[in-house]
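Student: Starting from the given sequences, assemble the full structure and let the hints guide the process.
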Amino acid sequence: MLLKHLPASVSQSAACRAFAAELDPDRLVSSLVAGSITGMIGVIRAISYAALIFSGPLAPSLNVGVGIAVCGSALISVVVALTSSLPGMIATPLAAPTVVLAALAAAIAQRLGPGAAPGAAVTTVVAAIALGSVLTGLTLWILGQLGWGRGMEFLPYPVVGGFMAGTGLLLVRGAFKVMTGKDVSLGQLSWFCQVDQCPRWLAGLAIAAVLLWATKQFHHVLVMPVVLAAATLGFYGTIWVGQTPLATVRAQDWLLGPFPQGNLWHPLTPGNLSQVQWGVIYQAGPTLGLLVFVSLVSLVLTNGSIELAVEKDVDLNCELKAVGLANLVAGLGSTMAGNQALPSTLLVHRLGAANRMTGIVKALPCLLVLVLGPAFLNYFPKPVLGSLLLFLGLDLLWQWLYGAWFKLPVADYLIIWATLLAINTAGFIPGIGLGLGLAAMQFLVHCSRLEAVVAVGADGPQDQPTGENDPAIADLSPAVAAELRAWLDSSQGKAVATVKLRGFLFFGTAKGVCQQLCDRILYQSPAVPPLQYLILDFQQVLALDSSAAMGLSRLAKLAQDHNCTLVFCQLTESCQSLLLKSKTLAPGKNAVFADYSQAVAWCQQQLTAIAAAGTAEAAATPPQTAIKSPPVEVSLTTSGGMP
Amino acid sequence: MQSFLNRPSSTSVLQRLQAEVQPQVWLSSLAAGLVTGIIGVIRAISYASLIFSGALAMHLPTGLGMTVVSTGITIAVVALTSTLPGIIATPLAAPTTIVALMAAAIAREMDSAAPGDMLTTVLIAIALSALLTGSMLLLLGLLRQGERIRFVPYPVIGGFMAGTGWLLTKGFFQVATDGPLTWSSLLEFWQPEMLWRWLPGLGFAIALLIATRRWKQFWVMPATLFACAACFFVGLAIADIPLDQARAAGLLLGPFPDSQQLWQPLTPTMLPHIHWAAIAHQTGSLLTVMFVSLLSLLLSNSSIELVVGRDLNLSSEMKAVGLANIASGLSGGMAGNQALPSTLLVHDIGANHRLTGLVAVAPSVAVLALGSSFLSYLPKVVLGSLLLYLGLSLLWQWLYQAYFKLPLSDYLTVWITLVLIDAVGFLQGVGMGFVITVVLFMVRYSQVDVAKQVFSGATSRSNVERSPTEEALLSQRGGQIYALELQGFLFFGTANYLLTKVRDRAIAPRASAEAAATGSDGAAVEPLRYVVIDFRQVSGLDSSAVLTFNKILKLARKHDFTLVLTNLLPEFEAALKQGQGLDVGGDRCQVWPDIDRGLEWCEGQILGNTAPTSEIPTSLADLLSNLFLTADQANQFVTYLKHHSLPAQHYIFQPGERRPELYFIESGQVSVLLELEDGRTKRLQTCSAGHLLGEMRFFNKPPLSSSVITDTPSQLYSLSQENFQRMQQDAPDLAHALQRHIVEILCESLVRRGEQLRVMQ
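Sequence lines, in order, name chains A and B.
With the first letter of the first sequence counted as 1, position 98 gets the number 98 in my numbering; the numbers rise by one all the way through.
Position in the second sequence (first residue = 1) + 1000 = my numbering.
Calculated from the structure, these hints are not laboratory results.
Among the hints, a few may not be true.
Here chain A is said to cover these stretches of chain B; the calculated rule only asks that three of the stretch's residues, wherever they fall, bring their Cβ under 8 Å from a Cβ of chain A [stated by the list, open to error]:
#	stretch
1	1404 to 1410
2	1492 to 1505
Pairs of lysine-lysine, PhoX-like flavour, derived with a Cα cap of 20 Å [unchecked claim]:
#	chain 1	residue 1	chain 2	residue 2
3	B	1554	A	407
4	B	1405	A	589
5	B	1554	B	1501
6	A	511	B	1405
7	B	1452	B	1501
8	A	511	A	583
9	B	1551	B	1577
10	B	1558	B	1501
11	B	1452	B	1682
12	B	1405	A	583
13	B	1554	B	1577
14	B	1551	B	1501
15	A	557	A	583
16	A	407	B	1551
17	A	511	A	557
18	A	581	A	557
19	A	407	B	1577
20	A	581	B	1405
21	A	557	B	1405
22	A	557	A	589
Values in this document were obtained by computation on a predicted structure and should not be read as measured data.
We put the CB at the ideal spot given by N, CA and C, even for glycine.
Tutor: If you want it as structure tokens, here you go:
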């Protein structure tokens, strides 16, 4: 029955066939193995994330958090396993959205304050998390349906780096909060160095270091679970050797809990809804928006990485719909949002278990935990939990602060640092905004530094020889070029100058270009005749914007005042329409040509006609131009300025 | 005395002075100066009321003196030092609002201190803001930093001017109706007793607009204003309303605060009364005033440039305004800046002389000396209509005419800037306008097609001569080569487009195979083996683009094709290596100096994959007999030729050499090159055994290339002009055959170029 509600990417019969194929014995076995391993890892991660979100004043309700995380993990895996376009795609709650949820929970708890009803804070947080999941699911699904996924790929690389590094640092801070109960900040460092606090986080740090080293050395699947299991055993071993009673250990806050009895999963029922403080959730609206945005960014980034890693093409819009649906289901079940998980998916593919069944099997350990109830949670050592979070955070920081130094130029590396600092002090949105602004400024500076005027050809004030180094001619065949050069060098030809423009003429370069062109018209060395024709070659111009168009219209007026005619060649249609709009080109009375040699030929015609007529009046119509627009007729009189 | 007057330099000075005191200059300057001076004074009074309110209200007279003095000094200094005669500078609204906030904050902080101390501290704070602004502007002007920061986008200027126009229009309604202009008050405006408050003003403004557009003389506007004032007073007389009643009804300006003992200059005796701590807390406001002044100057300068139609050197203007601010600060006044509306007015009247500025100081001096009582004879409607005239003309230009001049996105930017300036504030509005323009620019740039030319090896070949069998093979298999010529700046907006193109081409064979399998039509596409990317017209590469190349390299490993990069500048190569987008030592990546050589390598790989071309050494006679001669003729032909055995990299024709000799290649390889302006060479052709060189030079025509050079050790035979003439006499049939062969070669070359041109269109 579920199959009927799938997106149209899977037709009825194909799905049944695929389902049958999945139950093939050897595929089933590999699915079971891979599924249980990833399920186990997923459970541990879920518990860590729950500890991250439900910390501080919410810590007594950690069992609810664990229920949310684990149940969410199960629901999301199942839905994505069935609806994704890549068999073997694993989805879990991810680090970056979890960090945002932690901030959301902390804000709500703080707003409600200690005076509120005991259950109200927890119920409100649960409602906020569920609402966040629903919103994320809807947004992602709609984006996927509209096919707008590709739009998010326009994030600059340094901003992505800053985003990942910021997530890493926030994870590290969260880990310390889980292990010691306090948030790390510069002012509090001395508190962390006290003798009784040291062992708590040092233990976690040590385990995390071992994890980092081990995963880099042995690229094996089971490394992480083995190390964590060993750490837990080591912890209990130390307690047994020291003969410390368990109660003392619990009193010293080394273990999670104590938790109330009963189910882990606390879905929102209509009865609970009355306890929810909707006003507080509404105030935290921006954070919910941030959650959606961060989930979207994470999805886009992860999708790209998965594509590269498994070496198959994964349709982003299809994935958006799949993950959106998963989050919607998770939200309706009052659990947290999730996303594609790169490490687990890679793991599954390396184990050769790229089947949809793997995702479904992954849900089993989660359900097991739910069934067992919170009893086993009471025996979880905090350092082990914290070490996992610490490992994830340090890994990200290592990759993006250390590894990036060698791969990126200095300016981009500094953008990563700026984004990281902004994310940690001001929040995700200001941080990403700052990163985007810096990247945009870097791009603008690059663009405006490009020399837009390639050459001011033919006798500039320094009396250079004509045309030899004139790039306008260089692209033509040498025979034609030689002829043009010869004429431009002659005394008649010296009344014509060529300027080749290139790049994007925008507000950053417009003033400089127009200044240079104005100087070209105004300042002539006394030895040469006054300039009568200025040819502007637009062949290498990418586009114009309105500031450049206005500048060129001022140039046209100046040229008119000085008896110089502007000749345009190789204009694209969009440039031409923009110039018409800004009154640089008057409708119907322009010298616009399809290529450079035509323009020079026309100038030659005009000058010869003037010389031949001997008087100040000459009229000439140029040959029909070859631009796709209707041919532009030119009729000019040179008596006392342009009509 | 006589001789002194007769000296030529003094004559020209006299002539200039005489020109200056023409009646036209006098009258227009007088009119414009008085009008703008009165507007400046009235604005100064309103600024004083704004700043000295609340706790400081009792010090209003002193405040009045301070603002009027600032106005006078600013106008005077800028009129004398600016590069544009006729420019008017006064304190502006935006910085004054910030100063008002600063004063209020200081007053709150010093609640418990002595009242005299509060006043002193506020005055010193205001003077300090002026001094700091002035020094910063002067410094920037002296360091000629004006050139660096004059990049204001046109839509932002438009938004600024539209915003100014709207604020002026709003100001008119507030002056006329004595109340703010809001949505709720709009309804009240249509009631009869309110109507005649603003309707006459509107009428006068329209009269002004029409008059100044019809007759462009300097006396039109002052005459119209005078006529309006006269109408007003005549109307009062007819209605038999005494002046006092009119004043009470709000028809005349005023009432003005008691203005005795106005100017209080800064003296050293004030020093012990200043609470520096309070000022130090306002550092944020001081910095904001400086920043807003700089931004206002930038925008007004660009706007005034547009209006008067000539460029104003920003550095000089910064120096002028900086000096004015320093002077104002030293006399205890506040910061000022170029005033766009007043300068527009001066320009409309046509009084672009320095005298105008000097005359404009007069009303300020009059207020200081005589008190402000004389101002209360001025009718509000005249002043209001002036404001409305300025506002409407700006709005007309920038909201109506701009619609036809600007692309739609820029026009919307103007509207958004206007709305934000009105609703939120000057800084936010202008800032948003900048942001939108930058975003639009990046969007437009990302829509530029980065891949200027895209072609496959089937249609476009390298310039290497190939045998017919090789040509056939290449036309069949050439589709394996996918070539892209890139242009522009590769940044995060355009990088993905490149990746998508390569990816689509890479999976095209599979897609077409699937299409074929399901029975739909679609030509079979060759699998992709070589991707050639040319960087000749690429102006820059950023880190997102480097990442894209990394992804393309990974695609290359996955889909089994080789990446060939050509025309790479050294800095691009370094950036790609650093970001792992380039793998020089690996087998998936090749770097070549130009696209022709890159294509040659790819073709060589394709051909090399099939039957190897046999390199049987043949003699020239055999080659010639295969081409255009019989065996006997070939042997005879060879006797006219001279043998050369050349090493590699040897110039056969030096750059620019025009020696008329014909060369036949027996073995080896020769390249024909064209030198470009930046020292790079473009290879036009590569010739091997059996080919002909130098046919253009032989017939004394300018060659298409610049130099010909051997690639490998080669054996060549040359035919000189003398021998050719000897051959024509002794064995004309050989000469005929040779000429016919040359004609055939030229025709083939033309056909091939025509093909290339057709594909490139």
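Student: Confirm or reject each hint.
Tutor: Outcome of the hint check:
For the stretch 1404 to 1410 of chain B, the proposed coverage by chain A is satisfied: 5 residues have a C-beta within less than 8 Å of a C-beta in that chain, meeting the threshold of three. Given as covered by chain A, the stretch 1492 to 1505 of chain B passes the check, having 4 residues with a CB less than 8 Å from a CB of that chain where 3 are the minimum. Restraint check for residue 1554(B) and residue 407(A): satisfied, since their Cα atoms lie roughly 16 Å apart, inside the 20 Å limit. A distance of roughly 18 Å separates the Cα atoms of residue 1405(B) and residue 589(A); the hinted pair therefore holds under the 20 Å criterion.
Between residue 1554(B) and residue 1501(B) the alpha-carbon distance is near 15 Å, which keeps this suggested pair within the 20 Å criterion. At most 20 Å may separate the alpha-carbon atoms for a hinted pair to count; residue 511(A) and residue 1405(B) meet this at roughly 19 Å. With a CA separation close to 12 Å, the supplied pair residue 1452(B) and residue 1501(B) stays within the 20 Å bound. A hinted pair counts as satisfied when its Cα atoms are at most 20 Å apart, and residue 511(A) with residue 583(A) qualifies at roughly 18 Å.
This hinted pair checks out: residue 1551(B) and residue 1577(B) have alpha carbons roughly 14 Å apart, not beyond 20 Å. The suggested pairing of residue 1558(B) with residue 1501(B) holds, with an alpha-carbon distance near 16 Å, which does not exceed 20 Å. About 19 Å separates the Cα atoms of residue 1452(B) and residue 1682(B), which keeps this hinted pair within 20 Å; it holds. The hinted pair formed by residue 1405(B) and residue 583(A) meets the criterion: a straight-line CA distance of about 8 Å does not exceed 20 Å.
Taken as a hint, the residue 1554(B) and residue 1577(B) pair is honoured in the structure, with Cα atoms around 14 Å apart against an allowance of 20 Å. With a C-alpha separation of about 13 Å, the suggested pairing of residue 1551(B) with residue 1501(B) holds against the 20 Å cut-off. For the given pair, residue 557(A) sits about 10 Å from residue 583(A) by alpha-carbon distance, which is consistent with the 20 Å threshold. Proposed proximity of residue 407(A) and residue 1551(B) is supported: the alpha carbons are some 14 Å apart, at most 20 Å.
Between residue 511(A) and residue 557(A) the CA atoms are separated by roughly 15 Å; this keeps the pair inside 20 Å, and the hint holds. In summary, the hint linking residue 581(A) to residue 557(A) is supported, as the alpha carbons are separated by about 15 Å, within the 20 Å threshold. With a C-alpha separation of about 9 Å, the suggested pair residue 407(A) and residue 1577(B) falls inside the 20 Å cut-off, and the hint holds. Using a Cα cut-off of 20 Å, the hinted pair residue 581(A) and residue 1405(B) holds, with the two alpha carbons roughly 5 Å apart.
Distance check on the hinted pair: residue 557(A) and residue 1405(B) sit about 16 Å apart at the alpha-carbon level, within 20 Å; holds. Note on residue 557(A) and residue 589(A): the hinted pairing holds, with a Cα-Cα distance of about 14 Å set against a maximum of 20 Å.
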